[in-house]
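**Q** Below, each chain spelled out in residue letters.
Number of protein chains: 2
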Amino acid sequence: MNVEFINPFISAFKNVLLTMAQLDLAAGAPKKKTEELAQGDVTGLLGMTGPQTKGSFSITFDETLALEIMSRMLGEKPASINAEVIDLVGELTNMVAGGAKNTLGEKGYDFGMATPVVVSGKDHTITHRVDGPKLILPFKTDVGKAHIEICFEKA
Amino acid sequence: MNVEFINPFISAFKNVLLTMAQLDLAAGAPKKKTEELAQGDVTGLLGMTGPQTKGSFSITFDETLALEIMSRMLGEKPASINAEVIDLVGELTNMVAGGAKNTLGEKGYDFGMATPVVVSGKDHTITHRVDGPKLILPFKTDVGKAHIEICFEKA
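Here the protein sequences come in this chain order: H and C. If you count the first sequence from 1, you need to add 893 to reach our numbering. If you count the second sequence from 1, you need to add 893 to reach our numbering.
Because the hints were derived from the structure by calculation, they are not lab data. Accuracy of the hints is not assured; some may be wrong.
The list treats identical chains as one, so a pair stands whether inside a single copy or across any two.
Below, in silico cross-link-like pairs of lysine-lysine (DSSO-like), each with a Cα-Cα straight-line distance of 27 Å or less [stated by the list, open to error]:
(1) 1000 x 970
(2) 1015 x 1033
(3) 1000 x 1015
(4) 926 x 1015
(5) 1033 x 907
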């Protein structure tokens, strides 16, 4: 998986949170996912299929960060992850994947996006099962961490 | 969403577990998912995209059931959900979606399958975010419950 494929997801995620929540994400170095499991409290997931490849995409948030985004975007901060936060994470996942899809489409990589699914549960782990490299992109903010995982394999 | 769309998933799930694990699933009545959240310990998820529709599909297992399937298929029963169980749930998810895809393809409904993602975490919840009906299909066994959720919307 080359940089041309990853950067659109990083840019889209940073753009979405900056525009929608005035939140500045510090992107860490992408790393290959091996044995270690990244954990979080709420995750948006989305499947991708296309003529060249298929794969899966996820964004996992710490609860603190998800609640802060909720507060900044909608002006209310629930005590914990509720149905509105889950909706918001689904919507953000759609927006980030959609932004990356547009950029990649311009470069000739087309894929169809499935509908998003949101997982909620303290310290859950996500395992993308692809026959190919798995990349984790870590992001930091003052109020918690997020990470994106992207995996593609040949269709 | 009509019965023609749902039955292939029920049949495929029952067939896969009967063939692979000699486990007989009792299928309960499908119900529309409203507010209530179905919970489980390990879930296989898979996105679907096609010319007529797109959607998402998941199978959620109680830990007890996932471990029993592992034991019956591979002859070893780990104490809790580990990497092998996660692999197995991903593989089962692929097989069930693949079986349903074949049946639906024969009926003229084609869709592409994304790669599966497996979620692990005690009592996590799954929320499919589609603009359309969400169906839960409950299944019972002597050693725990499973449920399938299928959601489609117009592409």
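**Q** Please go over all the hints and tell whether each is borne out by the structure.
**A** Now the hints, each set against the structure:
Taking the closest pair of Cα atoms, residue 1000 and residue 970 never come within 27 Å of each other, the shortest separation being 39 Å inside a single copy and 47 Å across copies. In this assembly of identical chains, the alpha carbons of residue 1015 and residue 1033 lie at most 27 Å apart whether taken from the same copy (19 Å) or from different copies (26 Å). Taking the closest pair of Cα atoms, residue 1000 and residue 1015 never come within 27 Å of each other, the shortest separation being 38 Å inside a single copy and 41 Å across copies. Taking the shortest alpha-carbon separations for residue 926 and residue 1015, both the intra-copy value of 21 Å and the inter-copy value of 22 Å come in at or below 27 Å.
With identical chains, the CA atoms of residue 1033 and residue 907 are at most 27 Å apart within one copy only, with a shortest distance of 11 Å there and 44 Å across copies.
Comparing the model with each earlier hint shows violations of hints 1 and 3; every other hint is respected.
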